[in-house]
Amino acid sequence: MGISWVISGPRLAAAVLLAGVVSLAGAGAAAAGVPGASVGGIGVTGPRNTNLSGARVTERTMGYPPLVPEGVNDPGCRVSPGREQAVVLVHGTDSTLYADYSLLGAELADDGWCVYGLDYGRGQGPDDGFGWRPIADSAVELDATVTAALRSSGARQVSLIGFSQGATVARYWTNVIDGGKHTATWIGLASPTRGGGPDGLIHLVALLPEPFRDAVFSPALQDLLVGSRFLTELNYTAETVPGPAYVTVSTRFDEMMWRSDLQPIRGGRTRNIVLQDLCPENLGGHMLMPYNRTVVTLVKYLLVDWQAGGGEGEKYCVPVPLGTGIWPVVVQTNLGKLQGVPINRQGVIYDTQF
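Read in order, the letters of the sequence shown are residues -27 to -1, 1 to 327 in mature numbering (1 follows the signal peptide of the UniProt record, and there is no 0).
Incorrect hints may have been included.
As a list, the in silico DSBU-like pairs of lysine-lysine whose alpha-carbon atoms are at most 35 Å apart [said to hold, decoys possible]:
1) LYS310 x LYS273
2) LYS310 x LYS154
3) LYS154 x LYS288
4) LYS273 x LYS288
Simulated from the structure, these hints should not be mistaken for laboratory data.
As the structure is a computational prediction, the values presented were derived from the model and not from experiment.
Using the sequences and the hints, build the whole thing.
In structure tokens form, the structure reads like this:
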């Protein structure tokens, strides 16, 4: 069943320009408790998958519509006791809301959460995917989604789940745009808290001619390299702000962040969880994180209580071989590019206007 709603106004115009969306259609829906407000966006519901490669096959075979996980971006969802926060999902680099969260998003909606998300940071070039633009620009897009999620669900706070680059986009929104006022919990899956890639790469990248540099390393990736100016400024005063709880979930077998000190977050009300401490035989890496069953189970506990999860019987733990899921993702991603991803493809939007 597809979802398509009309939205308009200055905030939508900004989001549309940033996301590269050129058309909207459908009927409006009323926002909870806000007379005259309309809520909506653009997206088509896709089936849940058990892995990232399966999600990318679905995107390709469906012709790359703006896909939304089952139960996500439902304008009729209202928060309830025990599920008081709206949950917003933020995807990773060169990915989409659906690709990264077709499983986790659907399962959280099944559990009674009001869950929302978007496709952010679309580049203007034919080979530029989502998560391409500078982190600060993408956080502005996220702000529109969070605003809509809070207003339509009736929630007073939001919990954000960010994977990889999405963790940094969500933390920038929490720390800089929101200032912690409306954030209950920030959960970073494979979070590049202090960056990724080898030490010193940022200095080599700076020597490249600008057109070539941006073609190889998108502005977002340049922001995320170890030692980048963006991360230095974001973390300079503190990595957290008062109020929210911050949790990172990392793996010792991360393909993108080789040093163990890059992911943990420092500050008050923080918790840093290493996947192998919960399940030693689970050797899942970076790309598997949102589909890793141990992680999916853990996130459900963290949303209820950020200090919970990891106790006896509270985690799903089965052996995961090293490298699981990497090659199927590589194959499916390249098949998609060979067959042609639509230029300036539409992205998922969830927004509100008064």
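Quick rundown of the hints versus the structure:
A distance of roughly 34 Å separates the Cα atoms of LYS310 and LYS273; the hinted pair therefore holds under the 35 Å criterion. Of the pairs offered as hints, the one joining LYS310 and LYS154 is violated, with about 41 Å between alpha carbons and a cut-off of 35 Å exceeded. Note on LYS154 and LYS288: the hinted pairing holds, with a Cα-Cα distance of about 31 Å set against a maximum of 35 Å. Of the supplied pair hints, the one linking LYS273 and LYS288 holds, its CA atoms being roughly 10 Å apart against a limit of 35 Å.
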